[in-house]
Amino acid sequence: MAKAFSRPKALSGTHTHYCPGCTHGIVHRLVAEAIDDLGIQEKTVGIAPVGCAVLAYNYFDCDFQEAAHGRAPAMATGIKRVRPDLMVFTYQGDGDLASIGMGEIIHAANRGEKFTTIFINNAIYGMTGGQMAPTTMPGQRATTAPLGRDTAQTGMPIRMANLLAELVTPGYITRQAVLKPQQVNKAKKAIKQAFQYQMENRCFSFVEVISTCPTNWGMTPVDALKWAEDTLLPYYELGDYKVPE
Amino acid sequence: MAKVLMKGNEAIGEAAIRAGCKNYFAYPITPQSEVAEYLAKRLPEEGGVFLQGESEVAVGYMIFGAAGAGERVMTTSSSPGISLMSEALSYIAAAQCPAVFVNIMRGGPGLGGILPSQGDYFQATKGGGHGDYHLLVLAPDGVQEAVEMTMQAFTLAEKYRNPVMILGDGLIGQMMEPVEFPDGLKTEPSNKDDWATNGMAHRKSKKRNLVKSLFLDPTALNDNNLALKAKYAQMKKEEVQYELVNADTDYQVLITSYGTMSRVCRTAIDMLKEEGIEVAMLRPKTLFPFPEKAVFDASGKESCQAVISIEMSMGQMVEDVERCVKGRLPVEFYGECGGDIPSPEKIIEIIKALL
Ligand SMILES: Cc1ncc(C[n+]2csc(CCOP(=O)(O)OP(=O)(O)O)c2C)c(N)n1
Ligand code: SF4
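So the protein sequences, as listed, match chains R and E.
Residue numbers for the first sequence follow numbering that gives the first Met the number 0, so the first one is 0 and each next one is one higher.
Residue numbers for the second sequence follow numbering that gives the first Met the number 0, so the first one is 0 and each next one is one higher.
Just so you know, these hints were derived from the structure itself, not from any lab.
None of these values were measured; they are calculated from a predicted model.
Check before you lean on any hint, since a few could be wrong.
Examples of chain E residues toward chain R, derived with CB under 7 Å [unchecked claim]:
#	residue
1	V48
2	E53
3	M61
4	F63
5	G67
6	A68
7	M174
8	M175
9	P177
10	P181
11	A200
12	R207
Virtual Cβ for every residue (Gly too), placed ideally from N, Cα, C.
Could you put together the complete structure from these sequences and hints?
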């Protein structure tokens, strides 16, 4: 009998440390499937961020470098410029990319660096125990916003896909989610498309993925999916923000 | 090869190309921006990579990425820029990747000034970034040595899989001197297939490579730091470079000085000799590893009454000198650091006051 479902080759099989119900694992699988589908495992270099995905290099089976907090796009730039034949992707959380690494992502996108960024937006700092992220929703509680995010003090949550789509330089900028099966399928397509653009040396691509952090949101995995659907999606609208001509 | 007249900064850029480095990332800052201006033109001619990054923070990681992928790479900057790159320096040292960083020092702290200084000795030799690590630090005293050291730096970086820093100052970057580019210093990059992220397909290996600095297990972190320590011990054995000036006389004073400052001291030593006063100088060419034994030995000469460290800082290398003299002679210090370089006459006055 044919196997209907098995582990992608680009995943190592190491058990992840992610909490039950965390969507990091789903996105890892989608990235690995895209790498398998395109047959690029042997020339792919991933870049791990700082955040819950800091150990991503244990879960993927391809070359990996680990960046400092926020610097993955600069590191990817360095690799891709000196070895344009390699397929390079960064995998970053919202604290990593939208806070400390804001400069690096904007400039890499604006230079049109030919790598792929997978951006996990879970509206909080997961790894360090639930502090406020630039993407945290108004009123959402975080350990550093115990009464809920006060936008008079901290501004409104940053919509990275919208922000990057404003750049004049061509790119592929999309926002997806992994809260429901249909969304997962679409996210997979987007991730594969992003890698394809890189293979064609077309443009920078950025796939924002709305994700959950049940642990730091203080919810069950199921409630977290519902909360994300109800609270995050109206503000972080899904869809393509920019596609190359 | 014939000598050509070149500005220090441009010569450093040309030296990198001649050593076989085709990749350069940088961010402008006085007094070293001419390196970037020169390479912006020269590297494309050589089929190389030139990129002006958005900040020194980013440039540090462009260097890290490129080095991790197994390519030769260099950046140049000046003091405040090196502070921003210090984050990357710590990570690169921890992940054991080869890379060349040039610091053409200017006055600090803070925004300081744009004139030459040696105020980054502590930063270069004792850290700068966090954690237990060292750079291999080379200190040229002029344009010719800046060229040679830049060329040697790539081989050293690869030998040790460690960042190497060329520590010059604004004068070396800005002055023009005749230089010759040595033929023998172009080397092939050493084999990186067992550690660089150059793609599994590229090295026909089933084993993937990881470039990282996270070791959550305390034993693993300790082991990594022990491996670094062993590397630094090997540098101390094999890489110490220094020059002795007028040391075969019965000198009464031993000067320690490096870089541009040592050239002024050399003139002062010649002038003092004419007056019948013998003074020697020990000039470290490697600041890390520091010529510990050479300093100890030179300060042991019977005729020698004092050791003085002369620097364009408020007293930084002098701490290493004191450490190496081990208390057997008084160790004095003289320095200025506003950007004016002390004159030979001033040095002579200081030395005479010691006698
Ligand atoms: C320079 C620096 N500052 C702070 C930290 C601490 N830190 C580690 S992970 C993290 C937040 C990561 O959050 P995010 O990127 O949202 O990823 P998540 O854990 O939610 O997946 C912080 C602040 C660090 N490692 N380095
Ligand atoms: S802390 Fe949050 S983001 Fe991190 S693994 Fe747990 S659920 Fe996922």
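Hints versus structure:
1. Interface restraint check: V48/E against chain R, minimum CB-CB distance 5 Å, threshold 7 Å, status holds.
2. Contact between E53/E and chain R, as hinted, is supported at the beta carbon level, the nearest pair being about 4 Å apart and thus within 7 Å.
3. A hinted interface residue such as M61/E counts as satisfied when its beta carbon comes closer than 7 Å to some beta carbon of chain R; here the least separation is about 4 Å, so the hint holds.
4. Because the smallest distance between the Cβ of F63/E and any Cβ of chain R comes to about 6 Å, under 7 Å, the interface hint for this residue holds.
5. Against a cut-off of 7 Å between C-beta atoms, the interface hint on G67/E holds, since the closest Cβ of chain R lies about 5 Å away.
6. The closest approach between the C-beta of A68/E and any C-beta of chain R is roughly 5 Å, which is under the 7 Å cut-off, so the hint is satisfied.
7. Residue-level restraint check for M174/E is violated (minimum Cβ-Cβ distance to chain R is 31 Å; threshold 7 Å).
8. Of the supplied interface hints, the one on M175/E is violated, with its beta-carbon coming no nearer than about 31 Å to a beta-carbon of chain R, more than 7 Å.
9. With its C-beta approaching chain R no nearer than about 33 Å, P177/E sits outside the 7 Å limit, and its interface hint is violated.
10. Checking P181/E against chain R by beta carbon gives a least distance of about 25 Å; that is not within 7 Å, so the hint is violated.
11. Taking 7 Å as the C-beta cut-off, the interface hint given for A200/E holds, the closest approach to chain R being about 4 Å.
12. Of the supplied interface hints, the one on R207/E holds, with its beta-carbon coming within about 5 Å of a beta-carbon of chain R, less than 7 Å.
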